[in-house]
Structures are given as C-alpha cells and as structure tokens.
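In order, the protein sequence lines correspond to chains S and G.
Read left to right, the first sequence gives residues 9 to 156 (the numbering used here).
Read left to right, the second sequence gives residues 73 to 315 (the numbering used here).
None of these hints come from the bench; they were simulated from the model.
Keep in mind that this is a model prediction, so the values were computed, not measured.
Incorrect hints may have been included.
A few chain S residues that face chain G, going by a derived Cβ cut-off under 10 Å, partial list only [as the list claims (entries may be wrong)]:
hint : residue
1    : R23
2    : K24
3    : S55
4    : G65
5    : Q68
6    : H99
7    : N100
8    : W122
9    : L124
10   : I131
11   : G133
12   : N135
13   : R137
C-beta: ideal position from N, C-alpha, C; glycine also.
Below, each chain spelled out in residue letters.
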Amino acid sequence: MKVKFTVQDPCQIVRKSYGDAIAEDLRFVVKSVVGEQNFIDMQPNRSNNYCCGGGGGFLQSGYKDERLKYGQLKDNQIQVTQADYCIAGCHNCHAQIHELSEHYGGHYGVVHLWTLICLSLGILGPNEREYLNDDLKEVNVFHPETAM
Amino acid sequence: MTQQPIALGAKKSNTFMDKVKEILPEGGNLNLCLTCGACSSGCPATGLENMDPRKFLRMAALGMDEEIRKSKWVWMCSMCQRCIYVCPMQINIPQLVFNARALWPREARPKGILGSCDMALRNDSTSAMGTSPEDFTFVVEDVLEEYREAQPEFAEMQAPIDKQGAEFFLNQNSREPVTEPDEMVPLWKILHLAGADWTYGSKGWAGENYCMFLADDEAWKHITTTTANQADALGCKTFLNTE
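Chain S extracted, bound-state conformation:
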C-alpha cells in the first residue's frame, strides 16, 4: 500500500525515563506492525528528539499561538520524512501533533500505537478508527457489520 510511518519519541518515556533502550523497543514494535520498509525516522530522534510542544501543560496554558510556533520545528521534522502518519505513544503528543498537522497543512495522520497494533492483528473494528485516514479506514475491518 506504500503507506509510510514515522514515530514521535515521547520525551517523558524516552529522554526523561528509560533512555534510548526503550526507543529501540518502540521501533521494534512499530516496524513489526507496519513493516520495516514503511518506517522512516525523524531527524534528530530517540533521546535527542524535539518535544512537540504538547507537554508540560502547554496544551492548557492558553498560549496557543506560541504553542503552534513551538511545534513548527516538530511539524517540519515530520513533513520532511514524507510519512503519511506520525505514531504518537503519548496523549499530549497526540493532541498537539494532530493540531500541527491541521494548522500547517501537512494533513498527515496522527495515530495511537494501540490502533496500529490491532489493525495489524486484524482485530480493529469499524468504530475504533477515529484517527485513521481514508487510506486505512476500510482496510482489514474487524466485524464491519457493527459500524455505527
């Protein structure tokens, strides 16, 4: 299908907690799920990755213009990969990067890792696809008759 994926290394889990080892675990899972040939890393990455701007309470701080400006670096990083999706393993990242994708016009999808794991296992139902774009919305739907 030639759908490409990149992954956001969550600051909290990688740089601030478990370091590069867990970033490798994350890539093992992601590559197993999407296929190694469909994965492309942002630069820089792992412990050296840039924060997306969703952390530290920024999402609720009221400084929206500044938050989007902060996130421009992340949006550029993602757009340069030409990935169709950015996988976000952290809620704050998910919300922020989703907004960056809309705001800066990249229109790449932003998905939770759990969505892709279940998609690859063939157990992702029709109502669990909120963050999949049209390219994957109808792919391998589990119990399609239950669509709401």
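Given the coordinates of chain S, assemble chain G onto it according to the supplied hints.
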C-alpha cells in the same frame, strides 16, 4: 598585583537561583554554565517571549529575580529536558523553570492548567475533567459489554476495576472514557491477547496530572499519592502509566 580582593558592589543576597540550588541535588549544577548555547540552539521554545534557556539561566544567575518572576516563558517551556541532555555540564534548567512557575500567585497561573488541577482535586478519580469514579465505572462496564457482544472473539475480554492482586495497575487518560470511549478498546484487546492480569483503580484512575504542571507541589503530591496508594491497596506489582 593587588593584595586586596576586589569587592563588587552587588550585595550577597538570597536570590531565586540560590533558593532553587538548595533544593536540587548538586545544586542542579546551576553555577556551571559555560554559556555555550547548546541548550538554546536545540530548544523549540527559543525565541518565544524573546527568551531562551541560556538567557533564562543567565538572568537567574545575575539575580534578575523580578524579570524571572514576570516572564510568561516559563509556561512555554515544556520542561522536556532536551537542554539538560545536550548540556556539557548537565545543568537543570527545567527545574529552574518549574520553580519559577511556583513564584506566580496560584490564581494568576494559566486558567486552563489551574482549572484542570482543581477539577482533579474534586474527587478520587484525579481526573482533570472532573469525572467521578461512578461515571468512569459506568462507561468502562458499558463499553466492555457492548464489545463483548459485538465482537464474539472477545467475549471473554476483561476491563476490571479494583481487581485485588492484579499484576498491573493501569491508568487511563480521561479523554477516552469521557469523549471517545471506543478508543479504550484497542488497548484492552492487546492486554487480553497478551494474557495480562491488569486492573484500573476506582481511585486515581486518571493518568493526567495538571497539578504538577501548575507547580502546585501539595496538590500534585496528593494526586500521585492517591493513585499510588490505590495500586498498593490492590496489591498490584507494576504500575503502568499510559499517560
């Protein structure tokens, strides 16, 4: 060569930076800056509010406490710690920022963060959306039942709340149960297929902690203690933080 040391005019005072140094291990290395700028060059917040990490640290070192106290930039630094990671001296600028947040009167801190913290203090859920333990339990049970019927391969799937002795204590961002409950299901499925013995807690199930971002130490300790105590009370061995 002069025999007398040259005395500078500035009086020795207990500056903001001095106080932060007292509470950090190794004083956060706050005195060791080489002014190389590695922090600022890789910081996404550089330039916002005409500020950057190196400048913020220099201002603190110079005792410019009034300017530090007024800078809105402390709410634009996400404390991601990339500056420490690239710093040759491992200077803890994010802790300087965190403590500068605490200099603001509580009611003057950003309303969104303040409101989310206060919501979390309303009941034992610790949810920034104010959701009660009863509402959370209702949503989880309702969604679980729906999926067990609709997808018979998962008729045995569990989503326990307060299961005594479970291996894993799992928390949950409030966004899913409150605004998009179907998004809880993929994770339940993965845990089910992996055979994981897990549970939510009726207390402290919500993973987010805006009181920490608010720099309200008492409140964020309360939130964290509530959830940690619940995991302990249930005898869970591993705390899984999905947040």
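Worksheet item: Quick check: which numbered hints come out false for this structure?
Response: none
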